[in-house]
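Chains A and B are the protein sequences, given in the same order. First residue of the first sequence? That's 4 in the working numbering, and the numbers climb one at a time after it. First residue of the second sequence? That's 152 in the working numbering, and the numbers climb one at a time after it.
Hints may be right or wrong, so weigh each one.
As the list claims (entries may be wrong) - Computed footprint of chain A on chain B, listed as stretches where at least three residues anywhere in the stretch have a Cβ under 8 Å from a Cβ of chain A:
1) 157-167
2) 309-316
Claimed, not checked - Simulated restraints on C-beta separations:
3) Ala16/A <-> Ala177/B: 51 to 57 Å
4) Gly152/A <-> Arg408/B: 17 to 23 Å
5) Lys73/A <-> Pro351/B: 17 to 23 Å
6) Gly152/A <-> Ser409/B: 49 to 55 Å
7) Lys170/A <-> Pro304/B: 54 to 60 Å
8) Lys73/A <-> Glu183/B: 24 to 30 Å
9) Ser154/A <-> Glu183/B: 31 to 37 Å
If you're looking for bench data, these hints aren't it; they were derived computationally from the structure. Since this is a predicted model, take the numbers as computed values, not measurements. Heads up, the beta-carbon is just placed ideally off N, CA and C, and yes, glycines get one too.
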Amino acid sequence: MEDRPLAEDDLVAQAKLGDSRAYGTLIQEHQTIAFRTAYLITASAADAEDAVQEAAVKAYRALGRFRSGKPFRPWFLSIVANEARNRRRSAGRRERLALRAAEDPLSGGAVPSPEAAILEAEQRAELLAAVDDLREEDRLAIACRYFLGLSEEETAAALDWRHGTVKSRTSRALDRLRARMEGGA
Amino acid sequence: MTELERALVRLGGDLVFPETPDVFTAVRGRLEQAPARRRTPSRRALVVAFVALAVAVGAAMAVPAARTAILELFGLRGATVTRVETLPRVETRPEAPAPTVAELELGSPVPVVDGLVRVNWPHLLVPETLGPPDAAYYSSVLRDGKVSLVYEPDAGVPRSRFTGVGILITEFRGDVEPAYLDKLADAGTAIQRLRIGRDPAIWLEGGPHYVAFRTPDGGFAEDVARLAGDTLLVQRGRLLVRIEGELERDRAVEIARSLRRP
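Isolated chain B (complex conformation):
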């Protein structure tokens, strides 16, 4: 440091600034009213949830760049999560009921008999902590297929406003490029990278985020673009598993940790 720099530092120490106000006390009320980003997402933000399916992600991408500026990118094999400044406008119906399973476009029902999901899909994983699902679906929208496991609400898991079911688990091969699952989230959603055992994972929590599925040719499957609630994405080897529901993060992680071949 030169003599001049030392003199500046000394001068800085002698400068008189106005007294620092007590910032936290002043804003405390606003923080407690503010929709907390995570533990207590505002009901209003969540109720917005149901998307009239008319809105295409393609259209979302056409929103002026300034409004959808990409702030952060998170990737797993098979899924990308993009933090944007502003979520695409979606037509919402605040009082709308949760979607029906049919509206989720999960594919064709698969029988669940004697606790076994009767699907000829070699990659299937079932969470031991939840046991066999109440319903299962297979979709051939992807080259290697996609399986959805549906768990109805119970005492521990409320009905999700986004899916209309308790827990929705979706599984597909994540190693088929391009990434099949696209999620857009704004500042209202906390995005956290996790590692569950050796499996990389991403946890999204807070405000609703936007989810869309890509078709194998790289286009968007527009009819399944919707808003989603708290979600855990886990990459298990080649498989990408998506767990959605009104779950605490630790509960979702516990479910992911217990995924086994049936």
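Excised from the complex, chain A in its bound form:
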């Protein structure tokens, strides 16, 4: 038999038949984005870990409900986010993202001059502070769409919003962010 990675549809089909190893492969592929999504919502690594574990068990039990042929990630993220919201509710609301930018980012190819690096670091810190100052729903929209790179569909699933709401809130959040940045907040 040819030894090649199974496509997601095959993994889902095998997991539906009770193959927990296939399910494990699926979960491992998505656990980072799932954990980060949960972390954005709970702002607590322990709560996020707990939420993703619980979601992984629940999703396994509910696999029969998952429609074959659909992407697994949005479905799994919606379960993860639901668990995360439950934990956040019990822990109270968070006012900040609980995130910081790396001090020595590896994002660029070229080595900037010391002055440029300082300027860039200041701009990043300023932008992050501006995101933090947004109201919670705007902050989550920005974080899901741009920090985690979730699609609109995935953001809708993760935040339990309608697709149109994701669009409108993201657009509104960007406007507010732009206004804050231009105002030198």
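Could you slot chain B onto chain A? The hints should help.
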């Protein structure tokens, strides 16, 4: 993408998240203990199976909407399967024996002579792979009648805890509205749409699901509401065929594929 959006994406790439834990390793034990939804339904879930027939589907429908929220609907001509959040409460007796054939309310016995089901019902189909049934029943509960074929357990098919027989095949005209067969299933049951040749079909597997039969006037035949085990529903032309037993899906499909006029 605007400059602001690009800056946000770059910032996202520079953010420091806590290290992602190994989720699967942490939950692996729980998954293996968890009643798998399909291949290995927990014995306990299955043993729950026998329903004291006192519970009416009508009463089930009166369960608060929040608990029976309809999550998904699957339909065939003659049958609907509804995924609900919570199955109706049914009075169960965990140690109860499987029901007798009489308790299944299949109707009047029909002779099976020389391998032929002696019933004057023009729609009858018999699965070639199983051959003639051990017993057959005809019921006039529906305008166009209903035939049940009963196969006793054998080496390949254990006795079902839900029906007390090996395989139970039920046939009725599916084109008589409203849908005659109502099934309610929760997340413990995997529901899969299939196509067997040209025939649309639905496979239900896993935890027990709830089955009820409608009377021609649209009411529920309360006395035949019960829990059911793994089931294949196949729509063959006007006929709706229901195959129930402790069968692998492929075996049930093979049986359905071999349905022929006798």
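Here is what the structure says about each hint:
Judged by the Cβ-Cβ criterion of 8 Å, the region 157-167 of chain B is covered by chain A as claimed, because 10 of its residues qualify and three suffice. Residue count for the region 309-316 of chain B with a Cβ under 8 Å from a Cβ of chain A: 0. That is fewer than the three needed, and the coverage hint is violated. One distance hint, 51 to 57 Å for the beta-carbon pair Ala16/A and Ala177/B, is violated here, with the actual separation near 24 Å. Checked against the hint of 17 to 23 Å, the pair Gly152/A and Arg408/B fails, with Cβ atoms roughly 46 Å apart.
Distance hint check: the CB atoms of Lys73/A and Pro351/B are about 20 Å apart, consistent with the given range 17 to 23 Å. A hinted range of 49 to 55 Å holds for the C-beta pair Gly152/A and Ser409/B, which are about 51 Å apart. Distance hint for Lys170/A and Pro304/B: a CB-CB separation of about 58 Å, consistent with the stated range 54 to 60 Å. Restraint check, Lys73/A to Glu183/B: a C-beta distance of roughly 26 Å satisfies the suggested window 24 to 30 Å.
The supplied range of 31 to 37 Å is met by Ser154/A and Glu183/B, whose beta-carbon atoms lie about 33 Å from each other.
Violated hints, in rising order: 2, 3 and 4; the structure is consistent with all others.
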